[in-house]
Amino acid sequence: DTAVSQTPKYLVTQMGNDKSIKCEQNLGHDTMYWYKQDSKKFLKIMFSYNNKELIINETVPNRFSPKSPDKAHLNLHINSLELGDSAVYFCASSQGFRLAVEQFFGPGTRLTVL
Amino acid sequence: DQQVKQNSPSLSVQEGRISILNCDYTNSMFDYFLWYKKYPAEGPTFLISISSIKDKNEDGRFTVFLNKSAKHLSLHIVPSQPGDSAVYFCAASAGSGGSNYKLTFGKGTLLTVNP
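Chains H and G are the protein sequences, given in the same order. For reference, each letter of the first sequence is one residue, going 1 to 114 in the working numbering. For reference, each letter of the second sequence is one residue, going 1 to 115 in the working numbering.
The shape of chain H in the complex, shown without the other chains (with noise of 0.2 Å):
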């Protein structure tokens, strides 16, 4: 049973359109993340969500819009595609978001964009 699901998987388009990818977490966690895994593999947070609030914000184009309609799910929109979103898009979550949290991710989205 996934913990921490992504969908979809694989995500190919061309720039210039919009698209969106989802994460649902069954594990009761109140606290998820977007991360993005860039061509350099750096591992590098987009954004946090703690009861549906927004509590980390990187510095991250504002093409990117993450939602959260509930605890249990964090969907990240992206308008306008450009070749340099192309990426592997983790999701995580945490049960709060204190020092020593472990967080849980998802299997990745690879977002290739032509």
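Because the hints were derived from the structure by calculation, they are not lab data. Note that this is a predicted model, so its numbers are computed, not measured. Certain hints may be false.
As the list claims (entries may be wrong) - Which bits of chain G does chain H cover? Going by a derived footprint, with three or more residues having C-beta under 8 Å, they are:
| hint | region |
| --- | --- |
| 1 | 37-47 |
| 2 | 105-115 |
Claimed, not checked - Cross-link-like lysine to aspartate or glutamate pairs, in silico, EDC-like; alpha carbons within 20 Å at most:
| hint | chain 1 | residue 1 | chain 2 | residue 2 |
| --- | --- | --- | --- | --- |
| 3 | G | Lys107 | H | Asp30 |
| 4 | G | Lys102 | H | Glu58 |
| 5 | G | Lys107 | H | Asp38 |
Unchecked claim - Selected chain H positions facing chain G (in silico; Cβ < 7 Å):
| hint | residue |
| --- | --- |
| 6 | Lys41 |
| 7 | Phe42 |
| 8 | Leu43 |
| 9 | Ile45 |
| 10 | Ile56 |
| 11 | Ala72 |
| 12 | Ala87 |
| 13 | Phe90 |
| 14 | Glu102 |
| 15 | Phe105 |
| 16 | Gly108 |
Beta carbons are placed, not taken as given, at the ideal position from N, Cα and C, and that holds for glycine.
Since the structure of chain H is already known, use the hints to place chain G on it.
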């Protein structure tokens, strides 16, 4: 600006021997460190962590050592098993100063354990 550095992109060891993965950091505000393991086509999974008030934490075959003065930590796997073959990410977090505990990751080290 790489605040967490894993300078070895890959490491190959024989089954049964020790694997040592290294990580350096530059931000002196970091006070909690984690190691994550990632298999292909899966997300990272938490492996072991250490607080800056300790210099060693052990969990079965996995031990993490922290040298704060050198801003260096290492993960030891003894004995290494073929199932340990994966990418290992070092991550760090700063708990004070309202930094909201975000994790800063290194680029990862690909460990291959040969039978």
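>> Please list, smallest to largest, the hint numbers that this structure does not respect.
In response: Per hint list: 3, 11, 12 violated.
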